[in-house]
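Protein chains in written order, with the UniProt record's numbering: chain A, 1 to 431; chain B, 1 to 366; chain C, 1 to 300.
There could be a bad hint or two in this list.
Derived list of chain B stretches under chain A, where covered just means 3 residues or more per stretch with a C-beta under 8 Å from a C-beta of chain A [said to hold, decoys possible]: (1) 288 to 297; (2) 301 to 313.
Below, simulated DSS-like cross-link-like pairs (lysine-lysine); rule was C-alpha separation at most 27 Å, straight line [said to hold, decoys possible]: (3) A/Lys372 / B/Lys46; (4) B/Lys47 / B/Lys136; (5) C/Lys234 / C/Lys202; (6) B/Lys132 / A/Lys368; (7) B/Lys146 / B/Lys132; (8) A/Lys350 / C/Lys248; (9) C/Lys234 / B/Lys11; (10) A/Lys350 / C/Lys275; (11) B/Lys56 / B/Lys146; (12) C/Lys134 / C/Lys148; (13) B/Lys151 / B/Lys136; (14) B/Lys10 / B/Lys132; (15) C/Lys15 / B/Lys11; (16) A/Lys13 / C/Lys15; (17) B/Lys136 / A/Lys311; (18) C/Lys106 / C/Lys125; (19) C/Lys124 / B/Lys10; (20) A/Lys189 / B/Lys11; (21) C/Lys146 / C/Lys134; (22) A/Lys189 / B/Lys56; (23) B/Lys47 / B/Lys11; (24) B/Lys11 / C/Lys106; (25) C/Lys276 / B/Lys16; (26) B/Lys10 / C/Lys234; (27) B/Lys151 / B/Lys67; (28) B/Lys128 / A/Lys189; (29) B/Lys67 / B/Lys46; (30) B/Lys136 / B/Lys334; (31) B/Lys10 / B/Lys56; (32) B/Lys362 / C/Lys106; (33) B/Lys10 / B/Lys67; (34) C/Lys234 / A/Lys15; (35) B/Lys132 / A/Lys45; (36) A/Lys311 / B/Lys151; (37) B/Lys11 / C/Lys275; (38) C/Lys125 / B/Lys362; (39) B/Lys362 / C/Lys124.
Just so you know, these hints were derived from the structure itself, not from any lab.
Where a beta carbon is used, it is the ideal one built from N, C-alpha and C, also for glycine.
The chain contents come next:
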Amino acid sequence: MNTFRFECKKLRKKKTTWLAFFITLIGIIGFYLFHLSVAEKIHQKNIAWLDYLSQMFASNAETAALDKKKAEEAGDTEKAEEFHNMMVSFQKSSENAKQDKEYFANEEWTYLIEEDIRSLEPLIEDSAFSAHYIEDQPISMFTVRATLEEKQRLQKYDIVPFIQNTTYTNYLPTIYDDFSGSTLEEWEKITERYGRFGFYFLYQLIQSYFLPIIVLIGVFLFGNGISSESGKKKKGLHFYATLPFSKGRLFFAKYASGLLYTLGFTFMMLLTPIVTSLFFKGVGSLKYPVLVYDGSEPSPYGSHYNALDPKNDTFHFIELQDYFLKVLFFSIILVIFLYSCYFLLSLFIKNPGINIILLGSMTFVGMKFFPKVYNPFTYVDIHKIITREIATIQFNPAIEYQTGMILLFVVSLIITFISYRFFAHRNRLFQ
Amino acid sequence: MTRLIQFEWKKMIRTKFYILFLLLSVLFVSGLFLRNFLLQEEIVNKKIEKFSEYRKDILSQVVTYQKMMEDFPSPELEEKIEAGLLVYRALNQLIESIEDGNWKEELQYEIQVYELAMDYKKIEGQFKLSEKDMQKEIQLNEELLKRGLAKEDLDLSINPPIFLKKIVTFFFHTFGFLILLFLLTIYITREFEEHSIQIAFTLPVSKSRYIISKFLSLFSAGFIWWIAIFGVSYLLTTLFGTSQENSLVYPLFTQSGNFLDIGDYLWQAIGYSILFLSFAISLLVFFGFLLRNTIVTSLLVFVLLIGNHLVLREDITALFNPFSYQQIDFIILKEPTYYSMGLVVIFCATVITLIFTILLNKRRGI
Amino acid sequence: MTILQVENITKSYGKELVLNNISFNIPYPKIVALVGPNGSGKTSLLNIITNLLKPDSGNIQILGRPNTDPNIFYETSFMQDNSVLYEYLTGYDHLQFIADVQNLSKEQILKTSQLVGNDGYLHKKVKNYSLGMKQHLLLAMAILNKPKLLILDEPLNGLDPTSAIRVRELIIQLHKEGTTILISSHNLGEIDRITSNIIFIKSGQIIEEDLAEFEQVTYYLSVSNQQHAIKILKEQQIPVILENDRLKIWIDEKSLQTVISVLLNQGISIKDIEKKITGSEERYQQIFGKKDEEDESFEI
């Protein structure tokens, strides 16, 4: 225990540790502020757009009123009637846009969500009525269903939604959509979400691989315990050779102190957006619904014929707090896993820069290109594991949260054991 | 100065990491070329598959309309069937021309397919592509016909300029630069961490000369990496790739929908990548000499580049922000008019960063 | 001619004052030793002299130029701690780099290596060097440019007796050839054999001494007839007293032979002779106290 405490002290006393900690902290805070400013800009843009619409419709109504007057003066009652209808319609549109603008400006989301629900419900009720289109391509029925249920949940718990780059329905993008070309670009633009609250922002960060990036930074900072002391110049390990204790104890102290600090670092960085948001927009609701895919039936004719069924495939929602809880437990395992890998690498390569390039490449290549049940890196993209997105796309329900937790833990144990054996073998002087 | 640079190079060669990195990069380029080379037939198959899909789609619609016609005949349905069949026939001809390898006919029939498909869509027929995309394809095909060039698959092509463009997209962006910088960091910071820098500091070399020589040697290392990547790509595609006459005028769409010759694209990419490399390395030298610690310097460079990457992801670029040029493909296609001024901006940023580095380290000392 | 001029140098690390308004000059050609216990600020002072460290205040002139001018290193060399060596380079790589920067020839490298005695392992990587080999390389690096001022930081650290003698001789030879040398050490026994010009450094202050004034050789003789022996020696004008049942005499080595033959001729048998050099160590003890631990030491 003394060795462990000594190792912890060494890490704590290093100025560079603290400097790196603050750089990461400032990076995250900076990103939150940037994200917030983009969200506010989009929100203002939406308001400006509705204002423009309202004025445009009002001016059209005025033109129609003038035309109506002219037609009445000319005695063309039919035309006058037509212009009157146009005028009424424009006035109504202008009123609606004005009303929506007020809702947006005052952030009265309940009304806006209600409007979304009103426009989505008919699509579900009559599935023959083919859904909404983006440019010329249809939005999948799955997305429509998921969006509707999301809105209903937002309404039920009175939850503030994300900001989106549209004043119409705020769709929830799903893997069931199959857009291409410019439509895809447009779809991505209008479904990109911007969370202004701490929890929402963190939720989005996790979708953008925040967790593996932070853990990798953590292991980069704290995983060099052995490599930094076993070089030709710094022979810190030799110091221990003159003290009466076993290799096992030394290995444990080195391994556990770095691991503990990486864990602490990861949690602090996870907390940073939440704490920062308290000074700005607040943390948001933990009841926000997170979409979880129930998966699709695989084709009986073989995997080649597998296809998602947007009409019949099911889904459910979990609350953001459950999602975060899962992320929290997973981060512990992910820290152990990546830390063990880094620790093993650092026993062979003394250069932390090279180690982090290697581990970073391995993590991202393994995560992106080989989504298999027994590939531990598959589970690094924890968002897609919790929402069962990978399982659904791969038609492999075995790729799930629990499998990931067990697999990563077991692989970590094996890697740690290998590291220990290697460490013990190389440092015979301790025997 | 030359001798200082020579010594830096000796250190880089002796530590082997740089050489290994160079080799890995060359291997990666070769692997990418080999993949494209082996997938050449796949390009034709992919095209046939795509258009066969459209054809199947149209045919099923026509069959449905024909059935409806039997029960409820109407001139609208008849018009739809006629228009649908026209698209169908054009698609047949297009697929045949692809199979025959007749690229001119292929381009012409593709234009025809899209024109007919747009007519078909006007009378409420369904076609997978949006009108905007079809118009873009027509525009591209017409331009290709005008320039006498076959259409290339931007992902799988082994035509020299097109493959080089792919290499630009692959290597010269935030993550490519980051990996190079991570590797080069140690050649500055490790000297401080292990005190070896004191040897140079007790020699008749001024600090500014030392900083400049450090910058030049690291920049030359980056430049050799650059030459290796471009050189191997160029060699492989010239020796084993396909070539078209005038392929340097192959048109690329910019984000605003105009055409940019691939020759101009590559010219810009060369200018930007070399200069951004110099800026990135000057930044590394600045932070390396300031912080003198591998981990903190790498982390700071990472936070800076990733931060700017996130800004670029929001489509925010600025002519005078040197970090706007870290995504080379993106900046060329989004802001092709930035070019000359952009180079000046990056160059000035490099010089200013180096001046700051020298000023901050003016007094000798560790 | 003043080679090194140190004026009012003050340096502190946080609240701890390591060097307090230190001034001294070293004229040409002289060997001066900087002596003090571990942590007394010797290396800090050397680093400040060579401009590796910035002082809080004060000025340094080397060969009439401020030490901030890098050109001083054409005529000045600093042999540093062995941690500065590149582990992955060979000894030759190090020497070649310095020769390149100093515009020296390849022959100069070989000549210096032969002089230092590290030519046998010049092409081995430094990571395979022993401590002594590293010291030799550092010395070769320092004297490659035949400097006018040579600054050595603990050059005899880690050397076996044979190597230490060689290095000592080399330093003395360089001095004879006209090199001014500033050498730091915490071991006065070693320094005694090189120079008597000492700068003691204690509690941030310095005390300059010429220990030749203090230095004397004392012999302790255990003899059979003490009173008779004292009488004979006094007749020979040799200073002698009785101390702890032994004769204590102050003479040089040559005179000792005479003393021995005189005593033996008078039938006095000599049971034991002990030689003791006194002066510098006594002076050291006067300055620093009997134990180094009692000194204020600074964490650097």
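Consistency of the hints with the structure:
Residues of the stretch 288 to 297 of chain B lying with their CB closer than 8 Å to a CB of chain A number 5, which satisfies the three-residue condition for coverage. Beta-carbon proximity to chain A at under 8 Å applies to 6 residues in the stretch 301 to 313 of chain B; the threshold of 3 is reached and the given coverage holds. For a cut-off of 27 Å, the pair hint linking A/Lys372 to B/Lys46 stands: about 26 Å separates their Cα positions. Between the alpha carbons of B/Lys47 and B/Lys136 the distance comes to roughly 17 Å, so the proposed pair stays at or under 27 Å and holds.
Between C/Lys234 and C/Lys202, the direct Cα distance comes to roughly 42 Å. Violation of the 27 Å bound is thereby established for this hinted pair. Restraint check for B/Lys132 and A/Lys368: the C-alpha separation of about 31 Å exceeds 27 Å, so the hint is violated. The hinted pair formed by B/Lys146 and B/Lys132 meets the criterion: a straight-line CA distance of about 21 Å does not exceed 27 Å. As the CA atoms of A/Lys350 and C/Lys248 are separated by approximately 61 Å, the hinted pair breaks the 27 Å bound.
For the hint pairing C/Lys234 with B/Lys11, the CA-to-CA distance comes to about 70 Å; that exceeds 27 Å, so the pair is violated. At roughly 53 Å between alpha-carbon atoms, A/Lys350 and C/Lys275 are farther apart than 27 Å, so this suggested pair is violated. As the CA atoms of B/Lys56 and B/Lys146 are separated by approximately 31 Å, the hinted pair breaks the 27 Å bound. Proximity of C/Lys134 to C/Lys148 is assessed by CA-CA distance (about 23 Å); at most 27 Å being required, the pair is judged to hold.
Note on B/Lys151 and B/Lys136: the hinted pairing holds, with a Cα-Cα distance of about 14 Å set against a maximum of 27 Å. At roughly 56 Å between alpha-carbon atoms, B/Lys10 and B/Lys132 are farther apart than 27 Å, so this suggested pair is violated. Distance check on the hinted pair: C/Lys15 and B/Lys11 sit about 39 Å apart at the alpha-carbon level, beyond 27 Å; violated. Between A/Lys13 and C/Lys15 the CA atoms are separated by roughly 18 Å; this keeps the pair inside 27 Å, and the hint holds.
At roughly 32 Å between alpha-carbon atoms, B/Lys136 and A/Lys311 are farther apart than 27 Å, so this suggested pair is violated. Simply put, C/Lys106 and C/Lys125 have alpha-carbon atoms about 19 Å apart, close enough for the 27 Å limit, and the pair holds. Of the supplied pair hints, the one linking C/Lys124 and B/Lys10 holds, its CA atoms being roughly 15 Å apart against a limit of 27 Å. As the CA atoms of A/Lys189 and B/Lys11 are separated by approximately 48 Å, the hinted pair breaks the 27 Å bound.
Note on C/Lys146 and C/Lys134: the hinted pairing holds, with a Cα-Cα distance of about 19 Å set against a maximum of 27 Å. For the given pair, A/Lys189 sits about 31 Å from B/Lys56 by alpha-carbon distance, which is inconsistent with the 27 Å threshold. Taken as a hint, the B/Lys47 and B/Lys11 pair is broken in the structure, with Cα atoms around 51 Å apart against an allowance of 27 Å. Distance hint between B/Lys11 and C/Lys106 is fulfilled; the C-alpha atoms sit about 20 Å from each other, no more than 27 Å.
Between C/Lys276 and B/Lys16, the direct Cα distance comes to roughly 56 Å. Violation of the 27 Å bound is thereby established for this hinted pair. Restraint check: the Cα-Cα separation between B/Lys10 and C/Lys234 comes to about 71 Å, which exceeds 27 Å; the hinted pair is violated. Between the alpha carbons of B/Lys151 and B/Lys67 the distance comes to roughly 38 Å, so the proposed pair goes past 27 Å and is violated. In summary, the hint linking B/Lys128 to A/Lys189 is supported, as the alpha carbons are separated by about 20 Å, within the 27 Å threshold.
With a C-alpha separation of about 32 Å, the suggested pairing of B/Lys67 with B/Lys46 is violated against the 27 Å cut-off. Between the alpha carbons of B/Lys136 and B/Lys334 the distance comes to roughly 17 Å, so the proposed pair stays at or under 27 Å and holds. Pair hint B/Lys10 plus B/Lys56 does not hold up; C-alpha atoms about 64 Å apart against a cutoff of 27 Å. Of the pairs offered as hints, the one joining B/Lys362 and C/Lys106 is violated, with about 32 Å between alpha carbons and a cut-off of 27 Å exceeded.
Note on B/Lys10 and B/Lys67: the hinted pairing is violated, with a Cα-Cα distance of about 79 Å set against a maximum of 27 Å. Between the alpha carbons of C/Lys234 and A/Lys15 the distance comes to roughly 69 Å, so the proposed pair goes past 27 Å and is violated. At roughly 24 Å between alpha-carbon atoms, B/Lys132 and A/Lys45 fall within 27 Å of each other, so this suggested pair holds. Taking the CA atoms of A/Lys311 and B/Lys151, the gap is about 38 Å. The hint is violated against a cut of 27 Å.
Pair hint B/Lys11 plus C/Lys275 does not hold up; C-alpha atoms about 52 Å apart against a cutoff of 27 Å. Taking the CA atoms of C/Lys125 and B/Lys362, the gap is near 33 Å; set against the 27 Å cutoff, the hint is violated. Restraint check: the Cα-Cα separation between B/Lys362 and C/Lys124 comes to about 36 Å, which exceeds 27 Å; the hinted pair is violated.
In terms of the numbered hints stated before, the structure departs from hints 5, 6, 8, 9, 10, 11, 14, 15, 17, 20, 22, 23, 25, 26, 27, 29, 31, 32, 33, 34, 36, 37, 38 and 39, listed from lowest to highest.
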